[in-house]
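Undergrad: Chains as they are written, first to last, in the working numbering: chain X, -6 to 405; chain S, -6 to 405; chain Y, 11 to 150; chain B, 11 to 150.
Hints are computed from structural coordinates only; laboratory data are not their basis. All values derive from a computational prediction rather than experimental measurement. Check each hint, because a few of them may be wrong.
In silico DSS-like cross-links for lysine-lysine, where the CA-CA straight-line distance does not exceed 25 angstroms [to be verified]:
1) X/82 - B/101
2) S/133 - X/253
3) B/72 - S/316
4) Y/101 - S/82
5) B/97 - X/82
6) S/133 - X/133
7) Y/72 - Y/36
8) S/236 - Y/36
9) Y/68 - S/253
10) X/253 - B/33
11) S/404 - B/72
12) B/68 - X/236
13) X/253 - B/68
14) B/68 - B/106
15) X/108 - S/82
16) X/132 - S/398
17) S/398 - B/68
18) S/253 - Y/129
19) B/129 - B/62
20) S/82 - Y/68
21) S/132 - X/253
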Amino acid sequence: MLKTEPLDVQRIRADFPILRREVHGKRLVYLDNAATTQKPQVVIDALVDYYSRYNSNIHRSVHTLGEEATAAYEAARGKVAKFVGAPAKGLVLLRGTTEATNLIRFAWGEENVRKGDTLVTTLMEHHSNIVPWQLLANKKGAALKFVGLNKDGTLDMGQYEELLKESPKLVAVTHCSNVLGTINDVAQICTKARRAGATTVVDGAQSVPHMPVNVESIGCDFYAFSGHKMLGPTGIGALAGKKELLESMEPFHGGGEMIKEVFLDHSTWNDVPYKFEAGTVNIADAIGLGAAVDYLSAIGMDKVREHEVRLIEYALETLAKVKGFHPYGPTDPRKKGGVISFNLADVHPHDLATILDEEGIAIRSGHHCAQPLMRWLDVAAASRASFHVYNSYDDVDVLKAGLEKAGAIFKV
Amino acid sequence: MLKTEPLDVQRIRADFPILRREVHGKRLVYLDNAATTQKPQVVIDALVDYYSRYNSNIHRSVHTLGEEATAAYEAARGKVAKFVGAPAKGLVLLRGTTEATNLIRFAWGEENVRKGDTLVTTLMEHHSNIVPWQLLANKKGAALKFVGLNKDGTLDMGQYEELLKESPKLVAVTHCSNVLGTINDVAQICTKARRAGATTVVDGAQSVPHMPVNVESIGCDFYAFSGHKMLGPTGIGALAGKKELLESMEPFHGGGEMIKEVFLDHSTWNDVPYKFEAGTVNIADAIGLGAAVDYLSAIGMDKVREHEVRLIEYALETLAKVKGFHPYGPTDPRKKGGVISFNLADVHPHDLATILDEEGIAIRSGHHCAQPLMRWLDVAAASRASFHVYNSYDDVDVLKAGLEKAGAIFKV
Amino acid sequence: MSSADIYRELILDYYRNPRNFGKLEKFDIDSRDTNPLCGDEIEMQIRVGDGKKIEEIKFTGKGCAISQASASMLTELAKGKQLDWVKEVAKEDVFKLLGDPELGPSRVKCALLGMKVLKTGVYGYLGAHYDDPEASDPMT
Amino acid sequence: MSSADIYRELILDYYRNPRNFGKLEKFDIDSRDTNPLCGDEIEMQIRVGDGKKIEEIKFTGKGCAISQASASMLTELAKGKQLDWVKEVAKEDVFKLLGDPELGPSRVKCALLGMKVLKTGVYGYLGAHYDDPEASDPMT
Ligand SMILES: Cc1ncc(COP(=O)(O)O)c(C=O)c1O
Ligand SMILES: Cc1ncc(COP(=O)(O)O)c(C=O)c1O
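Here chain X stands alone, though its shape is the one from the complex:
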């Protein structure tokens, strides 16, 4: 490569202990980052440090360990909030994107959606941004409608405008598709939705880990994302919400920490965001997510994005040479997240994944929790290679060789 690289991948790779492992005697080539990313040593260390030095329950605690754990947990909240441009008080820490959309379904939807209402989502959503609204709509007698896609895998904005004429209560859209890679203009979508009186939910599961995100400038009401997809631990994620909206909502789970006072016949609620963090929260992993955010910030999200754009560019170019290779979604790397979904002739993705695994390559195969999109693509399943900071051009070359091997076995 002649151009200067935005990232020093070799140096970054050294931070990830798992990348030293071999699979079937081959170097691990991990290309399943849209499902979950690997963790740098600093994130693992943050967990070890917490459990070895200051593990304690938080908030209701006066002793030193409790004060330290509380400080670290709240500092992590502050870091995560800042990372997406949200105020700390408007950031609820929870398990991940799926819990976030379900929180909205219960704590906002139960009160605000009525019979005959329209809810809008899109055909490119992950199940976690479809099923909660479907359950809500079916319970309330509302209609869930889907914005369709253009041939190139972008949203049909004309149809979206039509749907807005029905004054939907909710517009739920992904920032970046986990299958097509399509990056949606969520700021524009939210502006239009707001004018139509809709509350907006943006699924940031595939954007926050891969590009600079600012929820304030997007102007959404809710923004959800998962820590495990952004170098953080499993079991932690966040929902950024407009503070006044969060304050006006019913609580989600009932229990400890989210209450102010409990009487036999009623209770009063704690302030936002604690109102939505019932019970003992995932203290260690929140702190671990804070460490992941520090790590990403030190690299710089602009650079992360630039790195992935170049990888995608190189991969689309390189893999196009493989006989039978058929990618889905936008082909302009600047309009696409770090994800390439594809099929190889009539080789089923699971068979392909098995063959690649033998070469040390981890890709995802299947419906990617996006069955409506798969039906639109008219495929039962697809393969997906997805990138992060530790992936290199070399990984793409290894993938190409693996695809060629699969092609040979299947006599493509």
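Starting from the known structure of chain X, arrange chains S, Y and B with the ligands on it as the hints suggest.
TA: Below, chains S, Y and B with the ligands without anything else, positioned relative to chain X:
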């Protein structure tokens, strides 16, 4: 001590890195175990091993990391289930006790509770076993009624029998009170409830970590507990439920993994327990909880219980000599979990905790998420010392000295 | 075993040219299932003949070579057998049909989807309930 | 600073013999709050006199020595002042009343509960909204 001890505490202490730390220059005497326990090295190692060697998303994955992570996650489910005598397929892994009771509230309560119904809980419950039912009752127009307590801090079984005459839909009771330490005869309570046609929920947050538990012989419909209170990581816990009941229920969160098929207008659900595990689960911490269960099983829960009985016996005896010491709850150590709540004359628990903290002693102070019980005790707050496997008679002696110091400062 | 061994000529042939693929006009048993973990689907239709015999059997489906080939091979094996024979079919029989490949746990579920559909259909017809041991346990 | 220093004679005296403890028969402001993290509670009542002066002020409450003493001391300080003065009160003023003890973050919330109740009540009376900077941030 002349008697042979059930546990080799010195050896156990060496397994917990945090116990090597000092607080205000003093040895850490951690007596806040009912809030959360410390973690042995093997649990920390399980997390490090997972993230360093085989971190991957699970179930939908064909590659080696995914297969290994799935195997480890499901093995952990099996261990945790076996630990409480439940079948693996009847064990849902979730964040903890609070999420478990709220799951029941939404996935069972929404369908099964109607206007005019009665729900029964008790005055000694933690907020997480009150607030969900209160929210459910208030939403549905049902009545939430409380079983009162006898003077000695046990349940008023006569009143319970009276309440059962109202054919309640639900009986929710704690196995062991986190304040009084009272161990309830939950097998008997569930038998009576079943005869009255009620569905039963047992809060095992304070029992599973401290004594042998078998949900089959208890005969409850649901049994909830938290991993972080049983030497496991934060962010993971479990709900054991009767399989047929789980199968008959609506799902909880909607999203990935919990579905079989998603269409635009409806979806079909995955098998139990996956139906209740939407989205990316807390893989690492589930595996960590499995390691905690291994550690506890290797010690033996009978011995853990016997150790705590002796500590409680010694503590009640020793602390009774401190001027102004006033304990709550049963005084027979065999009828009590490893918890002593108390007040020291008119010294407020927060002030006491601050003074003890200076001596390296961590206790809990406040309402312990049990405000209805605090009102019954007629105190605004209480202090609580609670034990686990690494606590020793020596810790009790240090606590005694700390209380005496506080007494001197406050001129008790 | 390398993947070249798993994807032998025979399996690829059954994948690309599945025997007994299609629908029956008349049938007594219609059974369908999907593998929620990967999306593979199989539907089988059976016409029951005299003496509770599997007179005709066809399948349709979408999925990987392993799931489609094993379903197809299974229909061949089942044709002409007594319904009761289905109760005896074990996963080892399916593995043998496939040439005993070394499969990871998730691919095992692909291999056994056809058997599950066959059993669920036939058990249902016989008035019994098939409690699939693989269904809720991704590790077997 | 050791706990013996925090719990000086003065604070214990205010804890056991709080000044201005009780309820007013007639009052213009009634403000109450609890610290959800520890359960401390404080209620303050104020009778407003000519020129928007704090003519009479009393409090009731339950809680630790620090929360009760600081609330009591604050009522003493507030009595006779203009309502507008309340806007100027800062947490440093409360700390000074207590003798500038070294408090961990959770105990700081105890120390400031009285100030929060006073401000919420007075701001409300003046038609303003008091946005408590401590409320949602256990770390300040
Ligand atoms: C008796 C009891 N029930 C429920 C809980 C709630 O557990 P968690 O906070 O882990 O959800 C606790 C612990 O705080 C408890 O002691
Ligand atoms: C676009 C998108 N939304 C939502 C999710 C769900 O995230 P989680 O499984 O962490 O809840 C994912 C990841 O699986 C995703 O890719």
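Undergrad: Just pull the numbers of the violated hints for me, sorted ascending.
TA: 8, 12, 15, 16, 17, 20
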